[in-house]
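Quick mapping for you: the protein sequence lines, in order, are chains A and B.
The numbers in our numbering rise by one with no breaks, and the one at position 15 of the first sequence is 15.
The numbers in our numbering rise by one with no breaks, and the one at position 122 of the second sequence is 122.
Derived by calculation from the structure, the hints in this document are not laboratory data.
There could be a bad hint or two in this list.
[Said to hold, decoys possible] Pulled a few chain B residues facing chain A out of the computed Cβ check, cut under 10 Å:
| id | residue |
| --- | --- |
| 1 | Asp75 |
| 2 | Tyr81 |
| 3 | Tyr82 |
| 4 | Arg113 |
| 5 | Leu117 |
| 6 | Glu118 |
[What the hints assert, rightly or not] Straight-line Cα separation of at most 27 Å, DSSO-like style, residue types lysine-lysine; simulated pairs:
| id | chain 1 | residue 1 | chain 2 | residue 2 |
| --- | --- | --- | --- | --- |
| 7 | B | Lys79 | A | Lys124 |
| 8 | A | Lys12 | B | Lys13 |
| 9 | A | Lys47 | A | Lys165 |
By construction, the Cβ of each residue, glycine as well, lies at the ideal position given by its N, Cα and C atoms.
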Amino acid sequence: MKKIQIVNNQNKIYSEITTNATYANECHEFSIRMVVDGQEQYKLGNKKLNILPGNFLVINEGTVFGREIYSEIPVNTISILYDSQFLNSFHHSATAAQSLLLDEPFFVPENSAPVFLETIYPLKGDMRYNLLHLQEIINTDTTDEMLIDQYLLHSLINFYRIYNKEILTKSDELKALSYKTRTELFKRLNIAKDYIISNYNQALTLTEICQHACLSQTHFCRTFKQTFHCSPYQYLIQVRLGQAKHMLKNTNYEVNEIVSMIGIDNVSSFIRFFKGRYGITPGNFRTGIAA
Amino acid sequence: MTEELTYAEICVKEPRATLKFLTQYLGFVNVSNLYNAENPGRPGFLLHDKSGRSYFIALHADHDDYNSPIVINTDDCLKDYYLLDKQGVQFDGIPGYTSDGLRAVAVDNNGTRYTLLEHRDYNDEL
Chain A
1 MKKIQIVNNQ NKIYSEITTN ATYANECHEF SIRMVVDGQE QYKLGNKKLN ILPGNFLVIN
61 EGTVFGREIY SEIPVNTISI LYDSQFLNSF HHSATAAQSL LLDEPFFVPE NSAPVFLETI
121 YPLKGDMRYN LLHLQEIINT DTTDEMLIDQ YLLHSLINFY RIYNKEILTK SDELKALSYK
181 TRTELFKRLN IAKDYIISNY NQALTLTEIC QHACLSQTHF CRTFKQTFHC SPYQYLIQVR
241 LGQAKHMLKN TNYEVNEIVS MIGIDNVSSF IRFFKGRYGI TPGNFRTGIA A
Chain B
1 MTEELTYAEI CVKEPRATLK FLTQYLGFVN VSNLYNAENP GRPGFLLHDK SGRSYFIALH
61 ADHDDYNSPI VINTDDCLKD YYLLDKQGVQ FDGIPGYTSD GLRAVAVDNN GTRYTLLEHR
121 DYNDEL
């Protein structure tokens, strides 16, 4: 099932539920892409990114990409494609000086399209609430475009806050370096982070992740911790536990089935990790939701 | 059957205007006007909200023109803000993000402020 909603300012929302789909050589406006259930694989250049529940991906205008869904269970995805003019106007109002906005209220500089780091972002906080509300609204088949516009606008507000926190603030953590070196290093660390998220259920090795990011092991471990405030291994465990939590909440899989699906060796380690992070055992967590 | 009843005592400048605002715009249904034996001068109302929860609300005019802050929980603040704005309800600014969630403040003609609060749990990751 595929649903497309185009609002009057040419922003588009694609909502799709499918088990099998392949799209090659797509190229659109700036977009925010999330998965409600299941997972979707994107190919951007030589990067393969798996988008899971709890994450979202942004793709800049003009980037050519492919995407694929292949699953036994239906995968529910939502993509928001922002009209260039809408995005540029928002970006200008969010970044220009107040005096300029007052003096020249209708001026939007040419070629002012913002370019964001195309990486996997955490879908949490207000962004998550907002996109889930948007999904509910789409499911009601509303034709009220101004209502939808509210959510699209707030999704951008939320995204800019996440970008500020996840990209600008975190890249500043590498403050001892020059701007050029810092930018390149941050980009490579994000390639590693995306690789961990995309392959969280595989038996990953540090060597493999470092090779992927083109960084030596010692350099990678030191700078990863400096940026993300945890070791790569701890980060991998966090991703695995996050997915386990989603499955406990939204599926009927047994705990031991979930453990094998998220790449953790045994159930007792999983229970220990889960309790350590969330302060509750997986069984009690599920019971608490059901109650 | 035991029914949960929330009791709220609200000081407002114009009790009847507040009742009208609650029922006309915020989806409350006035089930019955109640006699308040302890304070006959204070009108009491049994209201149901959109989800069917019951409230006994005692509204009374305050001599110092004090308006109690009224907080109304909503499941979707943006949607309610948009729908009320469309009906002509005045808001004190656009919806804003707080540590409790998203909120918008509606103001009636008497200056009574109604905070629409969508409580959000920022610790819940998925």
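Do the hints match the structure? See the list:
no.	hint	in the structure
1	Asp75	holds (9 Å)
2	Tyr81	holds (8 Å)
3	Tyr82	holds (5 Å)
4	Arg113	violated (21 Å)
5	Leu117	violated (13 Å)
6	Glu118	holds (8 Å)
7	B:Lys79 with A:Lys124	holds (20 Å)
8	A:Lys12 with B:Lys13	violated (46 Å)
9	A:Lys47 with A:Lys165	holds (23 Å)
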